[in-house]
Amino acid sequence: MIKVFFGKDPGYTSHLAHKEWEKLLKANGNPDFEVYDGFQNPVSELLDSFQSMSIFEEKKFVFVSNAYFFMDSKTRKGSIKESAQDYAGLEDYLLNPSEDTDVFFVVPGDVAKTGSPNKSLSSPTVSLVCADIPSDNDMILYA
38 MIKVFFGKDP
48 GYTSHLAHKE
58 WEKLLKANGN
68 PDFEVYDGFQ
78 NPVSELLDSF
88 QSMSIFEEKK
98 FVFVSNAYFF
108 MDSKTRKGSI
118 KESAQDYAGL
128 EDYLLNPSED
138 TDVFFVVPGD
148 VAKTGSPNKS
158 LSSPTVSLVC
168 ADIPSDNDMI
178 LYA
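The sequence shown begins at 38 in the working numbering and counts up one residue at a time.
If you are wondering where the hints come from, they were derived from the structure by calculation, not from laboratory data. Worth double-checking, as some hints may not be accurate.
[Said to hold, decoys possible] The following label-pair restraints were derived from C-beta to C-beta distances:
| # | residue 1 | residue 2 | range |
| --- | --- | --- | --- |
| 1 | Ile92 | Ile170 | 13 to 23 Å |
| 2 | Asp69 | Glu136 | 15 to 25 Å |
| 3 | Lys45 | Gly66 | 14 to 24 Å |
| 4 | Asn67 | Thr151 | 31 to 41 Å |
| 5 | Lys118 | Asp85 | 17 to 27 Å |
| 6 | Asp46 | Gln88 | 11 to 21 Å |
| 7 | Gln88 | Ala121 | 30 to 40 Å |
| 8 | Ala125 | Lys60 | 26 to 36 Å |
The beta carbon of each residue, even a glycine, is placed where N, CA and C say it ideally should be.
Kindly generate the complete structure, drawing on both the sequences and the hints.
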């Protein structure tokens, strides 16, 4: 399972993703998991994690915050250079993910409609979760 959380408010998006993440972990007996930051960990490191098997568990769970590489403006963060990112490898993984690995990506903004690695976000293996804050009218419907 691959889920990509995005929205205009990065704080709310992160909050919603963490709530679903906690439910997933609880439903699976609170297994070990790995956490990465897109600003600090290169895509090649993420791919290595996604494609390696868990030593102690049947499934592997990976949470990636700040997945800026799915946004329109890919501003360089930290020491990671855009030219060094393996977006082609990420596209391949999104199209053919490991069945033994569940991945949550949290994008600190809106997802770009085009470009690499976003071409593969339309894959049936990827669930896009729009985490926009509900409007006042929406809140009335929930009451």
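Evaluation of the provided hints:
1. Ile92 with Ile170: 13 to 23 Å: Taking Cβ atoms as reference, Ile92 and Ile170 lie about 39 Å apart, which means the hint is violated.
2. Asp69 with Glu136: 15 to 25 Å: 18 Å, holds
3. Lys45 with Gly66: 14 to 24 Å: Given about 35 Å between the Cβ atoms, the range is violated.
4. Asn67 with Thr151: 31 to 41 Å: 39 Å, holds
5. Lys118 with Asp85: 17 to 27 Å: About 18 Å separates the Cβ atoms of Lys118 and Asp85, which means 17 to 27 Å holds.
6. Asp46 with Gln88: 11 to 21 Å: 32 Å, violated
7. Gln88 with Ala121: 30 to 40 Å: 19 Å Cβ-Cβ, so the 30 to 40 Å window is violated.
8. Ala125 with Lys60: 26 to 36 Å: 33 Å, holds
Consistency with the previously given hints fails for numbers 1, 3, 6, 7, ordered from lowest to highest.
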